[in-house]
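K.L.:
Protein chains in written order, with UniProt numbering: chain A, 1 to 217; chain B, 1 to 217; chain C, 1 to 217; chain D, 1 to 217.
Incorrect hints may have been included.
Copies of the same chain look alike in the list, so a pair counts if it fits in one copy or across any two.
[Unchecked claim] Cut-off 20 Å, straight-line C-alpha distance, at most; resulting in silico cross-link-like pairs (SDA-like, lysine to any residue):
#1 48 <-> 139
#2 48 <-> 165
#3 65 <-> 158
#4 169 <-> 199
#5 145 <-> 39
#6 169 <-> 201
#7 169 <-> 198
#8 135 <-> 119
#9 149 <-> 69
#10 169 <-> 202
#11 144 <-> 200
#12 48 <-> 58
#13 149 <-> 102
#14 149 <-> 109
#15 169 <-> 200
None of these hints come from the bench; they were simulated from the model. Predicted, not measured: the structure shown is a model, and the values here were computed from it.
As a plain string of letters, each chain reads:
4 protein chains.
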Amino acid sequence: MSEENNIFDYLLNENEKVTEKQRRIIEAAVEMFAENGYAATSTNQIAKRAGVAEGTIFRHYQTKKDLLLNIVSPMMAKIIAPFVIKDVHKIMDTPYERYEDFLRAIILNRQEFFKTNINVFKIFIQEIPFHPELKEPFIEHVVKKVSEKFALVVQHYQERGQIINLPPKAVIRFTMTVIIGYIISQHVIFSEKDGNHEEEIEQTIQLIMHGLHPKEH
Amino acid sequence: MSEENNIFDYLLNENEKVTEKQRRIIEAAVEMFAENGYAATSTNQIAKRAGVAEGTIFRHYQTKKDLLLNIVSPMMAKIIAPFVIKDVHKIMDTPYERYEDFLRAIILNRQEFFKTNINVFKIFIQEIPFHPELKEPFIEHVVKKVSEKFALVVQHYQERGQIINLPPKAVIRFTMTVIIGYIISQHVIFSEKDGNHEEEIEQTIQLIMHGLHPKEH
Amino acid sequence: MSEENNIFDYLLNENEKVTEKQRRIIEAAVEMFAENGYAATSTNQIAKRAGVAEGTIFRHYQTKKDLLLNIVSPMMAKIIAPFVIKDVHKIMDTPYERYEDFLRAIILNRQEFFKTNINVFKIFIQEIPFHPELKEPFIEHVVKKVSEKFALVVQHYQERGQIINLPPKAVIRFTMTVIIGYIISQHVIFSEKDGNHEEEIEQTIQLIMHGLHPKEH
Amino acid sequence: MSEENNIFDYLLNENEKVTEKQRRIIEAAVEMFAENGYAATSTNQIAKRAGVAEGTIFRHYQTKKDLLLNIVSPMMAKIIAPFVIKDVHKIMDTPYERYEDFLRAIILNRQEFFKTNINVFKIFIQEIPFHPELKEPFIEHVVKKVSEKFALVVQHYQERGQIINLPPKAVIRFTMTVIIGYIISQHVIFSEKDGNHEEEIEQTIQLIMHGLHPKEH
DNA sequence: GATGAATGAGAGTTCATTCAT
DNA sequence: GATGAATGAACTCTCATTCAT
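Put together the whole structure using the sequences plus the hints.
P.N.:
Spelled out as structure tokens, the structure:
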């Protein structure tokens, strides 16, 4: 699963003709963009860290922004992955009995992904507001499509009386918000790689599910 | 309340000797930092937007970073404000009967603050990961102190059996996470000034409270 | 007359706010563009020759091309000058008895101009084919307008039976061609500042006039 | 005659071992140098237009300048061609009765040459001022030798009273100037491939001959 | 012979900052 | 206090050239 999720492997295996140098450039860029931000990282620094000439970067990526987009764009496909039709169908065909189970399955699935790609994710989150090329497809393809699929799932469980009867949009926002908020709080405030993440994630799941428990008072 | 919360007024009234030009510099810098990011905004651009000479900026702020810190630092005092001892005591002395009420009071209080200072808040969120001068006092003074105070509040309501008996840290994280996540989702994805924010915030509050409802199953 | 014709004075007096450094930049750029060509001259070289920092160039001229255009554009107004309506009217009102006299007046008038601005003229000639921004207004304003006025003059003398009855366009092309060809041959082949230019120019005039003598055989 | 004059054929047939790729490189380089200038054309652009790898250029020509010189040097031999001793002897042995006939013969002979090699000629004219390697042999071998031969021709007709008794140098300069000026005016100002060139050239010839008509007034 | 990845010097340009006015 | 010309370091990016394959 690690390999399947790892953005490096995705990036670098997809396209067969990837040089060793190109790999080192991507690696260095990811590290430095995550650490200092895209705008505050110079191509000179990247080249030095990657152990290549500065010109080499521009042989593979036409501009610095190109490099950023090459790193960050696959994120979207990956984020969206578990919501691709066949997967959701799979979910629906062998349905989790409870929303709780569905949620746990999704989060555990994404958890590995976030762990593996925490740096790329940081960059993604940081740069999205400043690049329309990133923002527009993100809203169009990720937010909208995931919302649609997710809405179906939510309705599925709402019809079974398992979760609260708020508008699906609000339910989704709440669910996502807690998850994303959790991840961002990690990266913005603590940037820690230690800590008992599993337990905290489990608590988070519990709170979400509790929050969505159908009202009976 | 608006005035009391507005960071500009805070910034600009505190220090009596604030010239018209200085005000325009701050205003321009806030707009541009929020729009394009700190690193991608040049002092030249700020000067032009503010209608002052580039040198004037450096007469008031020794470096560009100084300007950033001057804009963003008061945020911390402001964020922390409602949790300052006397205020919490006030809360506790005339206690809200339910955690729900406490939460709503806090959020309504902060809501105006976020609305008024959305741009400064954006900058704050964006730049915190890259500036230790910002990050350290934020964790030390904001996160830690607010957590401590908040923990007392949480315990207060836990003792009264109103909210779930998870570790206060988890309860706080959940509460904050939902709120912060909500705001960030606004700013990252939609950056919209329209929309029925009041209703969405109320839904969010409902979900938080529900999520923290003590288990009885 | 020298002052009136000198492009530097034109350039630098027109706009009152011209720094000493700016003057040195223009001077250095003209020398180096003429010597090595625009594309083969680096802004670094110009800065060094001018004794200023490289950044200073870009404070005054937004791009290197801007610098070129600033040097070369006034050429057009200057070239066109003697053909501006009032001047031609003046010529026609106190008409030169012979085309020969008109020609000599024009050439003597331009001679000083070419001498004084030989370097700018070199640059102009060299760069015109590669810059549409230069080429289009040159054809539109210089070639066309001068041709129109010149055609009137030619017809004037043709009607008086002084010059050959070829289409004015051909007469003009011939006259201009000889003059321009003369100057270019100087600059391309000899780039000499010595030599008995006056006599050679007089011979050139003689040959033009002779060539245009009405056929009587 | 076309083949005899075409510089490509000259260039490419001379040396038997000219690959297809080499041909494409020369072709591409000529087009781009003529269009954008030597200094403003990158070897990368040439390689792309030629459909070869950048390295291939340097396999055939050690430097970019080498490529230029290889394109442009044969021009000299070609320009000089009709004045090479045996040819002039041929001219003198079967002498044209009038200078007019000689001139027309030369120009018609050169006309085809210019048409066929207009691009190489453009490059030649453009680059001569900036490359001593080009300029010196041009003056030494082309200008001087052609002048000498031409002077003999001029004296030949002057002795027969057919052309004006100015110094041969002036006569030559005038003749050449009109022709070169004509071509340059085409390339600098109009770069047109349409238009009735034949007629215009004939007019030009007429004007030259007329200009050189011995004075009889 | 041909390739194209790699280079590092140097291109034009922008930058935060200084300082004389 | 305010200016804006000046700076030079640093930026992104391009260049002609090399060389292992």
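K.L.:
Which numbered conditions among the earlier hints are violated in the structure presented, ordered from lowest to highest?
P.N.:
Hints 1, 2, 3, 5 and 9 contradicted; others consistent.
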